[in-house]
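There are 2 protein chains.
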Amino acid sequence: MNKINASIITIGDELLIGQVIDTNSAWISQELNKIGVWVNHRVAVGDVWSDIWQALDEESKIADIILITGGLGPTADDITKPLLCEYFGGKLVMDEPTLEHVTYLFEHVFKRPMPLLERNRKQAEVPDVCTVLKNAMGTAPGMLFEKNGKIFVSMPGVPNEMKTIMQDHVFGIIRERFNLPYISHRTLVTFGIGESFLAELIKDWEEALSPNIKLAYLPNYGMVRLRLTAFGEKQKTDQDLDIAFSKLKVLVKDYMIVDEDLTMEQQIGRLLLERKQTMSTAESCTGGYIAHLITSNSGSSAYFHGSIVSYDNRIKKEVLHVQQQTLETVGAVSEETVQQMLTGVLDVMKTDYAVAVSGIMGPDGGTPDKPVGTVWIAAGNKNKIQTKQFKFRYDRRKNIEITAMNAVNMLRVFILENS
Amino acid sequence: MNKINASIITIGDELLIGQVIDTNSAWISQELNKIGVWVNHRVAVGDVWSDIWQALDEESKIADIILITGGLGPTADDITKPLLCEYFGGKLVMDEPTLEHVTYLFEHVFKRPMPLLERNRKQAEVPDVCTVLKNAMGTAPGMLFEKNGKIFVSMPGVPNEMKTIMQDHVFGIIRERFNLPYISHRTLVTFGIGESFLAELIKDWEEALSPNIKLAYLPNYGMVRLRLTAFGEKQKTDQDLDIAFSKLKVLVKDYMIVDEDLTMEQQIGRLLLERKQTMSTAESCTGGYIAHLITSNSGSSAYFHGSIVSYDNRIKKEVLHVQQQTLETVGAVSEETVQQMLTGVLDVMKTDYAVAVSGIMGPDGGTPDKPVGTVWIAAGNKNKIQTKQFKFRYDRRKNIEITAMNAVNMLRVFILENS
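Here the protein sequences line up with chains A and B, keeping their order.
What the first sequence shows, in this note's numbering, is residues -8 to 410, in sequence order.
What the second sequence shows, in this note's numbering, is residues -8 to 410, in sequence order.
Chain A on its own, in the form it takes in the complex:
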């Protein structure tokens, strides 16, 4: 069984000028990995004829599957379709099913007051040498081409449209066309230990890993995910992975949050669901971001009651009953304040647990005593409150994110130790 390789080509000046972050490639890579296809090259080019052409030439030399996203919009900066037509030696023809679909979308879904424009009609034109892949979520269809045993798929860059085309058509086509190897991952997540100390801790184990298993360190906001990957024959691959993974879990047990590829917020959701318990948040400096993280999980309404985002001190006093005296003496960023915020939000939300945070995220608002990055977090229930001070040293965005991650982690630990 050969390893099947894919390349991703993203087209569009908006990616190269940096106004859009490419989230498509990560999704495509993850999903292809699951079915045993390895993305080992990715290239981004602008809306430039020769650059796109060369990317098609180059990637088809090294990959079996070439996935192309972007460059298919209705506006004049898009040159991909005529180029594909010439590259694969076809001519543009109107695809009637696509035209019907575009017309339907405009009349019944977008409900545009204006009639279908010529440029919208043109989106239903496709090279006569491609297989049309219906785009259920939008007007630009996917297009499948074949050349020298390689397959090429062109899709719009809009994430949900690309995903729909991949799910409805492309994964199935790849499974049919290629004899895919078995690929398998095992992932665990650690918190509170740096990458290098973790590496030291598992050094002997890592050096003894059998050559068909690869280890990756994926650090992010105080967490490090450790991922083992192996290819090969199913039974042996899984067996080897399970043995290596079991040993690894023992080695990192003091730092391990979970032995699956879950986010921190998914993990806390699971703990609460298992215990049929509930939580809420009282947020100052994170401005609702912790509540957003928790509610990003579908089904979170079963355990999340809500949040009081008390950006203004008056809200801390009136809704959460933080004492005026506390704010005057030790200030809003203090252990006492987050303790009182926690008690207050438990009272309002009537949940089993809560977290409360107050801090200075920057770039302004720091003082010599409490520089930017100073944060107090409280996690607890009506009987017990744990607090901790942090000093982060990042920019505003990352300070908010890492504060939220630590808050959720403190609550996770509290739940495990107090339920």
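Note that these hints are calculated values from the structure, not bench results.
Hints are not guaranteed to be accurate.
Copies of the same chain look alike in the list, so a pair counts if it works inside one copy or between any two.
Stated by the list, open to error - Distance condition first, Cα-Cα at most 25 Å in a straight line; then the derived PhoX-like pairs of lysine-lysine:
| hint | residue 1 | residue 2 |
| --- | --- | --- |
| 1 | 308 | 373 |
| 2 | 308 | 341 |
| 3 | 113 | 225 |
| 4 | 240 | 227 |
| 5 | 375 | 308 |
| 6 | 373 | 244 |
| 7 | 382 | 125 |
| 8 | 154 | 389 |
| 9 | 72 | 154 |
| 10 | 194 | 113 |
| 11 | 82 | 379 |
Dock chain B against the given chain A, drawing on the hints supplied.
Chain B in isolation, oriented as in the chain A frame:
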């Protein structure tokens, strides 16, 4: 004056396997653009010797500046440094200033209980043919190489470390080394008109654009940013751009939110600051995301008081005073509920304006009457409330984001019409 081209090479299996989204490239591209350098190629490779080597060869053929991120961590999956050593014909030597910096970080900043590990010391080793670029935020230094008149910079993939090295060293080096052309942008943001209708509206203007000006459409969540870019001699470039931009603003005036490259939340912050007025939010389905958007802006405490995230209906009743009868008869996702949420949050937060949202974000929770994507939004003040129903058709994440964007936009319009 020649156009100066840059390429970005990102190294790391974590990017190709899709567990990490590359945000570095967008930031690098935006910042290079500002100083007149164009990124016209970007490539991602794994931790594979031959792939990295080939990327260096290929990119140096087409670019003057090659920026390399990733592959410099302290763990065993990183092969970049030995490769660079061989590629540029040097040998690894200990860089004493870097070793001192690493030691300082471990002792005084990270405050590790454990002594410096051999693998941390190794981070201070560099090829003797590079110029070391101090990494103020971390242990892996940046490295500058020169070959055949091209410059190569290798940096760690951790975003804040990469940014610090770019700001402290790389932009200055590029300015010194290259005779940079003048590059300029003009951006405006529209809301509520699709890309194709916008294109139709400005078709004649676009066709008449002088050839040194490029137009890009950047659609995102109901907004379309239109960006004009031009290179050339400063005075003429700015003059041409200003004339074209003035004409464009007249053409799209009915849809234009702002004639700068601002986000929706920056724009509402500006409106409130100008008016010395305040806002708050009452959020059900968005779970704090609107508050997070607003508070992402530094300085938002001047106009944002807070949010009641009322995920549980009991919070809607007890904190926001939504009537039991309303919830029983028309339900939580209804015009009446968001009206009452709005009145309730204005009362609690004592702000000039507020927005309230309630909806079904999916994938579960839909009914035939109120399918997934059904959302009610209210925006207003104590004298007047405007409401609107939406039906979105995305996944949970995008439904949350587009609901938030529409809520902020409704408030923006309300403020403009009622202040």
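Structure-based check of all given hints:
1. 308 - 373: Answer is both; intra-copy 19 Å and inter-copy 23 Å each pass.
2. 308 - 341: both (18 Å within a copy, 13 Å between copies)
3. 113 - 225: neither (47 Å within a copy, 38 Å between copies)
4. 240 - 227: Answer is within: at 20 Å inside a copy they meet the 25 Å cutoff, but 64 Å across does not.
5. 375 - 308: Classified as within; 21 Å inside a copy, 28 Å across copies.
6. 373 - 244: Neither, since 29 Å and 55 Å both go past 25 Å.
7. 382 - 125: between (51 Å within a copy, 23 Å between copies)
8. 154 - 389: Cα proximity of residue 154 and residue 389: across copies only (13 Å, versus 28 Å in one copy).
9. 72 - 154: within (19 Å within a copy, 36 Å between copies)
10. 194 - 113: between (58 Å within a copy, 15 Å between copies)
11. 82 - 379: So residue 82 and residue 379 fail the 25 Å test inside a copy (66 Å) and across (46 Å) alike.
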